[in-house]
Amino acid sequence: MKAIIMAFLGSVFPAVLFNVKRSSLVWVGICGTLGYTTYYLTEKITGKITFATFIGALIVGVFSEGTARILKIPATIFSVSGSTPLVPGIAAYTTIQYVVENKLSNAASKGIETLSSALAIAFGIMLASAIFRVVSKIRLKYTVKHK
Amino acid sequence: MKNREVLDIAIRAGEILLRNGAEIYRVEDTIVRICKSYGVACEAFVLPTGMFITAFGANDEDISIVRRIKERMVNLYKVELINSFSRRIEKEPLSHRDAKLELDEISNSPRHSFLLRLASAAIISFAYTILFKGTYIEGGFAFAIGAMIYLLKETVSKIGFFQFFDTFISGMLAAGLSLVVNRYFPHADIYKIIIGSIMILLPGVAITNAIKDALHGDIASSVFRLSEALYVATAVGAGVGVVLSLSLR
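Heads up: the sequence lines are chains A and B, in that order.
Counting in my numbering, the first sequence runs from 1 upward without gaps.
Counting in my numbering, the second sequence runs from 1001 upward without gaps.
Some hints could be false.
Here are the simulated lysine-lysine pairs, DSBU-like style, with alpha carbons at most 35 Å apart [as the list claims (entries may be wrong)]:
| id | chain 1 | residue 1 | chain 2 | residue 2 |
| --- | --- | --- | --- | --- |
| 1 | B | K1100 | B | K1070 |
| 2 | B | K1091 | A | K21 |
| 3 | A | K141 | B | K1091 |
| 4 | A | K103 | B | K1002 |
| 5 | A | K2 | B | K1070 |
| 6 | B | K1100 | A | K21 |
| 7 | A | K72 | B | K1091 |
| 8 | B | K1036 | A | K137 |
| 9 | A | K137 | B | K1091 |
| 10 | A | K141 | B | K1133 |
| 11 | B | K1091 | A | K44 |
| 12 | B | K1070 | A | K141 |
| 13 | B | K1002 | A | K2 |
| 14 | B | K1133 | A | K21 |
| 15 | B | K1091 | B | K1036 |
| 16 | A | K21 | B | K1158 |
| 17 | A | K72 | B | K1002 |
Footprint (simulated), chain A over chain B, 3 or more residues, beta carbon under 8 Å [what the hints assert, rightly or not]:
| id | stretch |
| --- | --- |
| 18 | 1006–1013 |
| 19 | 1234–1243 |
Note that these hints are calculated values from the structure, not bench results.
All C-beta atoms, glycine included, are put in the ideal place defined by N, C-alpha and C.
Sequences and hints are given; from them, build the entire structure.
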């Protein structure tokens, strides 16, 4: 529960720094919270960080595409700040920290974790937007046929 | 409207997008869309550091514009405004003067107040310290340090020594202040305080955007953003590392 509230704060306030307008901030917060909660639960159940990040990002992507269509705002606005709790900033820093401390094999493993988390997030968000595009295309075809 | 005026509007819109953290494909798409809605065929090639646009005119009168971009930040509100601007222009093209006025207005649109941004930086530091299993006391320290780091970063980046200098010096400040905290409160974990307070500096979003660019086929800008993220992470890590290794002796 504590983590969920922190995930909410941790996605709303980066959005303030990214200058997202006030009326969208709540949606960004919900987006980040849903994504992080999914990540947290998946990580607990399967124990795989990258997979959990992917599922979390997929939820962030689906939510932001959906909200973007309702509010008529680009989906990036939601997904950039909504994915902040998942994004591997700390992992990137820790990699460099290990290099500074001369723990090179730790640095290598942390570095791979950073890159694979970033890949997982990007793939998750892109997959969600691809699904939305395919669905709206099919719907368009369907309505044209039945007119 | 003349080709040159159409191109002028398109490149202004593209510039605002690129300066404020839009993806490459969105910039190219917007430029082509604006030109198309005025009936001008054009080709756009966009890199994170500059844009090349050519409009094809009648009688072999092609016009090209190159625009170099030096400063980049993230301001998603402007991205949103330009996005709706280009969609509106698609439905009913504005005159050159009106479009220019509107773009000026967008590029001068206000940011959240400094106090609010400062408070957000502090709260981000607090939230991520707790999220990385720190205690509330450590979160409180991170809250204060995060605010100071934001203050320092804003001042230093205004003076502008060289790129990444502000992140380097902010990393040093984070490590130094955490050491001071640790001296008086030995229970507080340095590592967790540092992690929370440098969260606002770290390039997590940049790494993810780099991969997104790659998935859109913009490999050149993806490599650009990845290495930029690497430099930022190195600057922060080096700043923290210098102070911590000095203190261990």
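>> Name the hints, by number, that the structure is in violation of.
In response: 4, 5, 10, 11, 12, 13, 18
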